[in-house]
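Novice: Chain by chain, the residues:
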Amino acid sequence: MKNRLKVLRAERDWTQADLAHALDVSRQAVNAIETGKHDPSLPLAFRIARLFGGSVEDIFLMDDKESES
Amino acid sequence: MTIKSPAERPRARGPAMTRNCRNQRLVLLWSLVWMSSFVGVTLALKEGWLASGAPGIVAAVVSAGLGLGTALAYRRFLNEADEVQRKIELEALALGFGVGLIGGFAYWLLERSGAVPTSKSDLLYVLAATCFTYSAGVLLGRRRYA
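Taken in sequence, the protein lines are chains G and D. In our numbering, each residue carries its 1-based index in the first sequence increased by 2. In our numbering, each residue carries its 1-based index in the second sequence increased by 4.
Chain G with its partners taken away, still in its complex shape (with noise of 0.2 Å):
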């Protein structure tokens, strides 16, 4: 799965550690979710979505290999 989380981000000016605070979680699963190693449990995509004022479809967006399955 695909993510602009690190476009929106650098939009605001914030660091990894910023967001983390922010969202609760460690700066290392900010990074993971960004380099797409670790895809968000819904709750915290829900976070995600809410922090940066969207939806998680703005945000999160299916590859297309796994849109087709």
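Since the hints were made in silico from the structure, they are not lab data. Note that the Cβ used here is the ideal one computed from N, Cα and C, for glycine as well. Keep in mind that the hints are not guaranteed to be accurate.
Claimed, not checked - Below, a sample of chain G positions facing chain D; criterion: calculated Cβ distance under 7 Å:
1) ASN5
2) GLN18
3) ALA22
4) HIS23
5) ASP26
6) VAL27
7) SER28
8) ALA31
9) ALA34
10) SER57
Claimed, not checked - Simulated pairs of lysine-lysine, DSSO-like, Cα-Cα distance not exceeding 30 Å:
11) G:LYS8 x D:LYS91
12) D:LYS91 x G:LYS4
13) G:LYS39 x G:LYS4
14) D:LYS91 x G:LYS39
15) G:LYS39 x G:LYS8
Guided by the hints, dock chain D onto chain G, whose structure is given.
Specialist: For chain D alone, coordinates are given in the frame of chain G:
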């Protein structure tokens, strides 16, 4: 939820990291106390400082109680950890289980089939291998998701 501007950012670690570190320290502390009690009781029984029978049983139960404390501290750490931390722990536990338990059984079978020389196999070696590979798995996971 608001995030301060770069100039106002707190330098301290976030609440999740602080909580993780505190819980990890507690697990480490409990583990050290438990392992010390285990080694102490084993040594005391071996050297005869502790009589077998009731005193030995009491010492073993106390050591097991400390082990239970370690398990509860670890459960608390997992409950309060974020999902990536849990993933790291899960992968490390799987590695520890795979290498320690399955490797131990495989070696046991190989020993009996004559493929490897017979040694003084001991359950402690299996447990040590499990602990070592689990620790290595945690370190690798932290590096992978860092």
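Novice: Next, verify each hint and record whether it holds.
Specialist: Results for each hint:
Restraint check, ASN5 of chain G versus chain D: the minimum CB separation of about 14 Å is more than 7 Å; hint violated. Interface hint status for GLN18 of chain G: violated, as the beta-carbon distance to the closest one in chain D is roughly 10 Å, over 7 Å. Given the 7 Å rule on beta carbons, the hint for ALA22 of chain G holds: about 5 Å separates it from the nearest Cβ of chain D. Against a cut-off of 7 Å between C-beta atoms, the interface hint on HIS23 of chain G holds, since the closest Cβ of chain D lies about 4 Å away.
Look at ASP26 of chain G: its Cβ gets to within about 5 Å of chain D, closer than 7 Å, so that hint holds up. At a threshold of 7 Å, the smallest CB-CB gap from VAL27 of chain G to chain D is about 4 Å, leaving the interface hint in force. Contact between SER28 of chain G and chain D, as hinted, is supported at the beta carbon level, the nearest pair being about 5 Å apart and thus within 7 Å. Here the hint on ALA31 of chain G is kept, as its CB sits about 4 Å from the closest CB of chain D, short of 7 Å.
Annotation: interface hint on ALA34 of chain G holds; nearest CB of chain D at approximately 4 Å, less than 7 Å. For SER57 of chain G, the interface hint is violated, since its Cβ never comes within 7 Å of a Cβ in chain D; the closest pair sits about 17 Å apart. Under the criterion of a C-alpha separation no larger than 30 Å, the hint pairing LYS8 of chain G with LYS91 of chain D is consistent with the structure, at around 22 Å. Our distance criterion of 30 Å between C-alpha atoms is met by LYS91 of chain D and LYS4 of chain G, whose separation comes to about 19 Å.
Only pairs whose Cα atoms come within 30 Å are accepted, and LYS39 of chain G paired with LYS4 of chain G is accepted, the gap being roughly 10 Å. Taking the CA atoms of LYS91 of chain D and LYS39 of chain G, the gap is near 11 Å; set against the 30 Å cutoff, the hint holds. Restraint check for LYS39 of chain G and LYS8 of chain G: satisfied, since their Cα atoms lie roughly 14 Å apart, inside the 30 Å limit.
Of the hints listed earlier, those the structure fails to meet are numbers 1, 2 and 10, in rising order.
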